[in-house]
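J.: Below are the chains, spelled out letter by letter.
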Amino acid sequence: MRINVFAKRNSKEILRDPINLMFGIGFPLVLLFLFTAIQANVPLSLFEIGSITPGLAVFGLSFISLFSGMLIAKDRSSSFLMRLFASPMTASDYILGYVLPLLPMAVAQSAICFLAASFLGLRLNADVLLCIIVLIPTAFLFIGIGLLAGSVFNDKQVGGICGALLTNVSAWLSGTWFDLSLVGGAFKTIAYLLPFAHAVDAARAAVSGEYAAIWPHLMWVAGYAAVTLTAAVWVFSKKMHSDRQ
Amino acid sequence: MRELAILGKSITREPNEVKAFTNVSPQETAVAPNLTVKENLELIAGVYGSFGKTAEAKADEMIETLGLAEVAADKAKILSGGWQRRLSIGMALISEPQILFLDEPTLGLDVLARRELWQVIQKLKGRVTVILTTHYLEEAVALSDRIGILSKGELKAVGTAAELTEKAAAHNFEDAFVALATESEVNS
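One line per chain: the protein sequences are A and B, in this order.
Here the first sequence is numbered in the working numbering, starting from 1 and rising by one per residue.
Here the second sequence is numbered in the working numbering, starting from 1 and rising by one per residue.
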């Protein structure tokens, strides 16, 4: 029950911040409409709705790191966590309390992105539903990055790292804005050593019904998510222990 | 190895037992900014094991006790410093602790807000043991039954303001504080 109480609080903190909603939902939707407008006016196949939407769904999820990281960093700097450390809450209460509310938010974010895309021509079917499920490991990855950043950095640093650096790196190296093969070489190699391009490729494969192509990419994302979340839980627990001293 | 015990419970070996009868209001206001005053109180009630209607009833009681009714529905982030400190104390009291730690509760407040908070703290006397840390000597004199003088992590003296002033053979408490804090040996 303590987890529920704390998770409910964290949901309210995030959802009542209009900047979170603007970036997490509004910004990807603006880009979706913008790219669709561009596509309508060029003879080339640059931003087809079935290709750009999964990429923008991943881009939208990258803001989850910003929400969660900022929340945790502010809780640390305002001594709110210190107040809770004086309570009978356990390490798992904190971690699950931070992680659990973010998952339905991530699913809702993806669903809104696909719903908006349906007004622009994307057909809503079982493959879209599958894609939302395929995006869950990506959500865990960004939640883990946020938990890790929030445990280590202050809120200003989290704003810079998750709000500027991560969202840009994850976008440019994801293949959302352009085909990574157009650049090729080391850029493409690095992109595919990181999880973001795999997240977009897995989501695109799901939307296009190429089920066999999902798993190789999803395994990369799931692996990164598992390592990141494990590291985040370890670092948070260490910080919690040191802050209590 | 030295060990600290509160009400017979070791803070290192029995931390959960100690947490059950203590609470803290940190120096920073430590409130959830996007939650209302009532939601903040219900949150902490829930963290200490009171849920649903019970948590709501406790929050309502605390709102009445601390005179928070006029801001109960306001988000914590829009409150003035004085109201935030009052809420912070309410969040610490809602778990019904036997010992309440107030860490510099009036730091940064204007005179009026400070005096209002003093009244709140004075009303707690007889209900809960308050351990208050402060750099304001007039605050220590106005609120404390017993004052402990800490310097460089060492307890230099303990007593009432009058006892400490007499002990230091000083004209006022500030002079006594300076004399006792700069003494090299512990005289308690």
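Read the hints as simulated data drawn from the structure, not as lab findings.
If you're wondering where the values come from, they're calculated on a predicted model, not measured in any experiment.
Accuracy of the hints is not assured; some may be wrong.
[Said to hold, decoys possible] Over the 10 Å line for every Cβ pair with chain B, so calculated as not near, a few chain A residues: (1) Arg2; (2) Asn4; (3) Ile25; (4) Leu34; (5) Phe80; (6) Ala86; (7) Pro88; (8) Val107; (9) Ile112; (10) Leu115.
[Stated by the list, open to error] Which residues of chain B face chain A? A partial, calculated answer using Cβ under 10 Å: (11) Arg2; (12) Glu42; (13) Ile44; (14) Ala45; (15) Gln98; (16) Tyr136; (17) Glu166.
[Claimed, not checked] Ranges of calculated distance between the beta carbons of each label pair, as one might list FRET restraints: (18) Lys53/B with Leu15/A: 20 to 30 Å; (19) Ser11/A with Gly67/B: 44 to 54 Å; (20) Lys238/A with Gly67/B: 37 to 47 Å; (21) Glu17/B with Leu15/A: 33 to 43 Å; (22) Glu61/B with Gly26/A: 34 to 44 Å; (23) Lys152/B with Leu96/A: 54 to 64 Å.
All C-beta atoms, glycine included, are put in the ideal place defined by N, C-alpha and C.
J.: Confirm or reject each hint.
T.: Against the structure, the hints come out as follows:
Interface exclusion of Arg2/A from chain B breaks down, the closest Cβ pair being 6 Å apart, not more than 10 Å. Interface exclusion of Asn4/A from chain B breaks down, the closest Cβ pair being 8 Å apart, not more than 10 Å. Every CB of chain B lies more than 10 Å from the CB of Ile25/A, the least distance being 17 Å, so the non-interface label holds. Look at Leu34/A: its CB is around 30 Å from the nearest CB on chain B, clear of 10 Å, so calling it non-interface holds up.
For Phe80/A, the shortest C-beta to C-beta distance to chain B comes to about 5 Å, within the 10 Å cut-off, and the non-interface label is violated. The Cβ of Ala86/A sits about 5 Å from the closest Cβ of chain B, inside the 10 Å cut-off, so the non-interface label is violated. Non-interface status of Pro88/A relative to chain B is broken: a Cβ of that chain comes within 10 Å, the nearest being about 5 Å off. For Val107/A, the shortest C-beta to C-beta distance to chain B comes to about 22 Å, beyond the 10 Å cut-off, and the non-interface label holds.
Under the 10 Å C-beta cut-off, the non-interface status given to Ile112/A relative to chain B holds; the minimum distance is some 21 Å. Here Leu115/A stays apart from chain B, with its beta-carbon at least about 26 Å from theirs, past the 10 Å limit. Taking 10 Å as the C-beta contact cut-off toward chain A, the hint placing Arg2/B at the interface is violated, the least distance being around 15 Å. Using the Cβ-Cβ criterion of 10 Å, the hint placing Glu42/B at the interface with chain A is satisfied: the shortest such distance is roughly 8 Å.
The interface hint given for Ile44/B holds, since its Cβ lies 8 Å from the closest Cβ of chain A, which is under the 10 Å cut-off. The criterion of a C-beta within 10 Å of any C-beta in chain A is met by Ala45/B, whose closest approach is roughly 9 Å, and the hint holds. Checking Gln98/B against chain A by beta carbon gives a least distance of about 14 Å; that is not within 10 Å, so the hint is violated. Hint on Tyr136/B is violated. Least Cβ distance to chain A is approximately 20 Å, over the 10 Å limit.
Hint status for Glu166/B: violated, given a least beta-carbon distance of 36 Å to chain A, over 10 Å. The given range of 20 to 30 Å is respected by Lys53/B and Leu15/A, whose C-beta atoms sit roughly 24 Å from each other. Look at Ser11/A against Gly67/B: about 30 Å separates their beta carbons, and that is not inside 44 to 54 Å. Taken as a hint, the range 37 to 47 Å holds for the pair Lys238/A and Gly67/B, whose Cβ atoms sit roughly 41 Å apart.
Glu17/B and Leu15/A have their C-beta atoms about 36 Å apart, which keeps the hinted 33 to 43 Å range intact. As the Cβ distance of Glu61/B to Gly26/A is approximately 41 Å, the hint placing it in 34 to 44 Å holds. Checked against the hint of 54 to 64 Å, the pair Lys152/B and Leu96/A fails, with Cβ atoms roughly 41 Å apart.
The structure is inconsistent with the numbered hints 1, 2, 5, 6, 7, 11, 15, 16, 17, 19, 23, although it conforms to all the rest.
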